[in-house]
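Engineer: Here is what each chain is made of, one letter per residue.
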Amino acid sequence: MYAQMIKSEATQDDPEMLAAFQARIDAGEKIEPKDWMPEGYRKTLIRQIGQHAHSEIVGQLPEGNWITRAPTLERKANLLAKVQDEAGHGLYLYCAAETLGVSRDELTEMLLDGRMKYSSIFNYPTLTWADMGAVGWLVDGAAIMNQVPLQRTSYGPYARAMVRICKEESFHQRQGFHIMMAMVNGSDAQKRMAQDALNRFWYPALMMFGPSDKDSVHSTQSMAWKIKMNTNDELRQKFVDETVPQAEYLGLTVPDENLRWNEETGHYDFSEPDWSEFFDVISGNGPCNTDRLNARQKAWDDGAWVREAMVAHAEKKRARKLAAE
Amino acid sequence: MSTSKEWPLWEVFIRGQHGMSHRHVGSLHAADAEHAIRNARDVYTRRNEGVSIWVVEAAQITASSPSEKGPLYEPARDKVYRHPTFYDIPEEVGKM
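Protein chains in written order, with the numbering used here: chain A, 4 to 328; chain B, 60 to 155.
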């Protein structure tokens with residue numbers, strides 16, 4: 004998902020405290036920043052929320068790429084609003100992570116030096132305007148699938164951030180689908196662009212949910228702590244079941260020869276993505292990893308003087324106010 | 060990496076249009092109060108959520124401690140007579 008392959012940190016706390024903590028979670032209580040929590044819970048959450056936040060911020064890049072080239076003023080305003088939302092979502096999540104005792108600058112540094120990751124999906128290029136449709140429809144669609152259950156996560160600040168994000172996110176998916184509808188009702192060339200975008204984004208979207216449950220070794224602890232609410236395969240299946248009829252509505256073909264409705268299970272059977280590609284992309288070798296991190300590094304470096312000037316200005320104003328008193 | 064110090068954290072409170080009091084909506088970083096209001100406007104009112112913003116530097120907030128939960132809140136638990144339903148009033152008296 005936006006947080007993929009989050010390794011649960013081992014915990015070496017007092018067994019009685021741990022049992023009491025687990026009992027609170029099992030009873031559906033929210034854990035708040037000043038409450039006692041196992042070190043592993045705290046560290047796993049920092050990694051997960053941080054990766055989620057980084058994904059929102061880096062996720063602005065593939066779409067920001069098309070703002071100046073949107074086909075109409077209306078589409079441009081829509082896309083601009085969506086990208087601005089992603090910035091906001093990143094900020095809500097950074098603030099949630101900071102309540103766990105990590106600073107904003109530390110989080111940024113960990114992204115830039117590679118200690119923290121962001122979702123694999125943002126390492127794919129957005130080559131045509133139809134990709135804006137596919138990203139909104141599929142990528143935001145997949146994100147919503149994960150984020151809706153996270154509104155019930157055990158950590159209060161994370162759950163509250165998810166509530167705000169979910170409220171805002173549904174417009175993202177709908178604007179993407181709206182773009183796809185316009186494309187498939189356009190010229191033959193536009194239809195081909197829409198199909199091409201689906202072809203390129205289908206498997207990367209499936210990868211967003213993370214490796215198959217049989218290879219996902221970190222789930223058990225995170226699910227007990229209610230910081231992961233569903234398994235990767237459950238969410239992936241749900242995504243496929245919801246998305247295939249939408250593709251049919253658009254008259255587009257999902258690029259999977261094995262895709263078929265299974266009467267017995269009541270779900271679609273489908274091909275797994277190429278997991279070697281996923282591991283390659285997440286370890287830094289996707290088509291755009293270098294570009295994305297360079298863009299973040301440049302923004303951080305170019306913004307340094309602004310951050311410093313704002314502090315200097317605030318200090319000057321404070322000194323003047325004191326002198327006047 | 061820059062060595063500049065981080066902007067302080069501010070807690071943001073927004074009052075909506077329908078007469079409710081200001082409500083905590085989240086936090087953000089800003090160099091000073093004026094900057095915090097400006098950022099809060101961008102981050103927390105993109106969809107008409109409010110008509111008034113308060114910002115408070117997070118370091119200025121004093122919070123009760125979770126370990127005081129018992130002594131602070133338990134005494135209220137057995138005072139059911141503070142609720143109207145504690146008092147049985149005969150039906151013939153009418154609505155009260």
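Hints should not be assumed to be uniformly reliable.
Partial selection, computed: residues in chain B whose CB lies under 10 Å from chain A [said to hold, decoys possible]: (1) 86; (2) 103; (3) 118; (4) 123; (5) 149.
Don't read these hints as lab results, they were simulated from the structure. What you are looking at is a predicted structure, and each value in this text was computed from that prediction instead of being measured. We treat Cβ as the ideally placed atom computed from N, Cα and C, and that holds for glycine.
Engineer: None of the hints should be skipped; say for each whether it holds.
Structural biologist: Hints, verified against the model:
A hinted interface residue such as residue 86 of chain B counts as satisfied when its beta carbon comes closer than 10 Å to some beta carbon of chain A; here the least separation is about 5 Å, so the hint holds. Here the hint on residue 103 of chain B is kept, as its CB sits about 8 Å from the closest CB of chain A, short of 10 Å. About 13 Å separates the beta-carbon of residue 118 of chain B from the nearest beta-carbon of chain A, more than 10 Å, and the hint is not met. Taking 10 Å as the C-beta cut-off, the interface hint given for residue 123 of chain B holds, the closest approach to chain A being about 9 Å.
Evaluation of the residue 149 of chain B hint against chain A yields a violated restraint, the C-beta minimum of about 39 Å exceeding 10 Å.
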